[in-house]
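Starting from the known structure of chain A, fit chain B onto it as the hints suggest.
As given, the protein sequences belong to chains A and B, one line each in that order.
Going by my numbering, the letters in the first sequence line up with residues 690 to 1063, in that order.
Going by my numbering, the letters in the second sequence line up with residues 690 to 1063, in that order.
Think of the hints as simulated: they come from the structure by calculation, not from any bench.
No experiment lies behind these values; they were computed from the predicted model shown.
Take these hints with a grain of salt, some might be off.
Any copy, or any two copies together, can satisfy a pair, since identical chains are not distinguished.
Once the Cα atoms are required to be at most 25 Å apart in a straight line, the calculated PhoX-like pairs of lysine-lysine come out as [as the list claims (entries may be wrong)]:
#1 774 to 981
#2 1041 to 1057
#3 1002 to 707
#4 863 to 774
#5 1041 to 774
#6 981 to 1041
#7 1002 to 774
#8 707 to 1051
#9 920 to 1051
#10 981 to 1002
#11 1002 to 1041
#12 920 to 707
#13 796 to 1041
#14 707 to 1057
#15 707 to 1041
#16 920 to 1057
#17 1051 to 1041
#18 707 to 774
There are 2 protein chains.
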Amino acid sequence: MAIDHFSFEHHASCSHTKARAGTFHTPHGPVHTPRFMPVGTLANVKTVTPAQLYDTGAEMVLANTYHLHLQPGEDLIAAAGGLHKFMGWSGPMLTDSGGFQVFSLSKIRTIAEEGATFRSPRDGRIIHMPPEASIRIQNQLGADVIMAFDECPPYPADRDAVAAATQRTYRWLKRCIEAHQRTDQALFGIVQGGVHLDLRQAAAEQLVQLDLPGYAIGGVSVGEPPELIEKIVQATTPLLPPDKPRYLMGVGTYREMAQAIAAGMDLFDCVIPTRFARHGAALVQGERWNLKNNQFRRDLTPLDESCPCYTCKNFTRAYLCHLIHAHEILAYTLLSIHNITELIRFTQSIRKAILQNQFVEKFHEWLKPSKNNG
Amino acid sequence: MAIDHFSFEHHASCSHTKARAGTFHTPHGPVHTPRFMPVGTLANVKTVTPAQLYDTGAEMVLANTYHLHLQPGEDLIAAAGGLHKFMGWSGPMLTDSGGFQVFSLSKIRTIAEEGATFRSPRDGRIIHMPPEASIRIQNQLGADVIMAFDECPPYPADRDAVAAATQRTYRWLKRCIEAHQRTDQALFGIVQGGVHLDLRQAAAEQLVQLDLPGYAIGGVSVGEPPELIEKIVQATTPLLPPDKPRYLMGVGTYREMAQAIAAGMDLFDCVIPTRFARHGAALVQGERWNLKNNQFRRDLTPLDESCPCYTCKNFTRAYLCHLIHAHEILAYTLLSIHNITELIRFTQSIRKAILQNQFVEKFHEWLKPSKNNG
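Same shape as in the complex, but just chain A (with noise of 0.2 Å):
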């Protein structure tokens, strides 16, 4: 199927690593690459407002299949007349596939050939889902990218058990790519593997040969140390066409996204933000700093005086933490978009460096090999 919306326009890469600055233009408008997309699983991103998210610097933004498909329902959001219309986004969205979250349902689904079959957790129904309805939802659901129906090997894994889920997440794919009926959506394959570095490899291989406009590495952050994500990262991102989007799915501490975006890889996304937020965090300059603490109470400055954000321009540590302790949850829709700004902020900037060629030389502390999750 031809897609005619999408494109992926390269502007500069630096010259030490395969890092890229670019932008990925989609039908609801562009996204400017390397960047950090903010989780709205359940058609919200928690606590925040679309239009303090606009204020964030955020470009596009996720929400998740089967979450929806079990609430309100794709029905009810095509007749709204999409996600974005549904949610009150006009930007860029990015659906996942809900591959992630039935394989995480260990204990009340089934995987065959033909799809998964899980009870859904709200109303103990039996739900069926081949690849083909996932696809289905998603075209529902109008997404400007969709993910191909995926079998996400947990961590750890026997080589045997992962390399027979990556060779059916090729078969699932290539049943998604039929199934698939909007050219004004994308649909992006997404390379399994587990921490085998050759079935990583092999698996972009294929991939890449049914030409598809962009392509996803999943997998990671499943619970194996941070070192294997970057090696993985390392290892499959060359294999990737230089003409497409990469996105690092579930990817979002600093570090792993420095070191992906090193390795070429452009999209990103994590709950960090908002579930650091919910827990009273706050993420400055490369730190976790729980507000909650007596450390802050009486401290009249902002978060982060570098910071544009809302929160950062009108509010104290000292009030935040005063919003904590009171229970309040406007701390909560504080920190989220302080939180949501920083990353994209840390994203952005790189972009710039990357546009200047001082990628390397401005982020060397954060592109040292580490153990660190920082």
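The following block gives chain B in isolation, referenced to the frame of chain A:
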């Protein structure tokens, strides 16, 4: 002490009622009356940012002396530059004295002529609060309007107890006036007297002699039937000076506000809009809707077509219903924005009707005496 910063400008009266439209000038800007004021007890309006609050049409916001004394403490707020700066609200503010909250701690407080003594529900420490302390704290918080520390009798209570509390409130008021240190804060007196109209009238007459910059009716909405609130307001309001703002404390249903405005009251506050929001309920043109109900699951219209708020302009009833069912906190924010806008619009539309001399004509449904608490 001379008050230089406060004046009440009278614009129009309704020819059939005592309703009036005016402007109350404060150091942080004007308040156009009649007006509903959102409640920000702990230095935030629950789930709503100041930027969102401006967009609701809010002019004056409340906070609470008792709660802020317990946490984070007036010293910190003073060090932050006062309540406005601390919470990021640059418009007019009012602090309630904490009298109502202290007297609500019925089992862990004692009241003597000197003042109230209570055990902090937060950390168990014993706190002594004479009227002078409430005023000192309010001087430190720095709201535009501060309230006298009053003794608020419960309902029901016997007449002698109410009379004694009312007289003590008057003696405490004189101590409050003596203790008050800032000319940029208007100290309002509070008329008590329970449901006894003669006690209310005597109290009002005493208070008016003190020539305060504003007056409040307190001790209503504490459990008595709504028709008694109407009677209290109707009997008391005419005794208050016409050139001073009049504030009916803790009242904010459509009917109660309309009735009180007809009697000549100007300012209202109530936790209803944010509390209803946290229960998944919306105020729509005079009704309370439970957005969790199945009837809204597939309803793709806005909450209220005629409402200009962010929620109504961007989201459907089905989306709000989805967020509530998914336990997404964003639902509370979106419903709070709408509910606050709704009650402010209600008082704004009454103001407009008074200015056009159409108040009785347009609001006759709300002006019928009623046992309904609508």
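Name the hints, by number, that the structure is in violation of. 3, 4, 5, 6, 13 and 18
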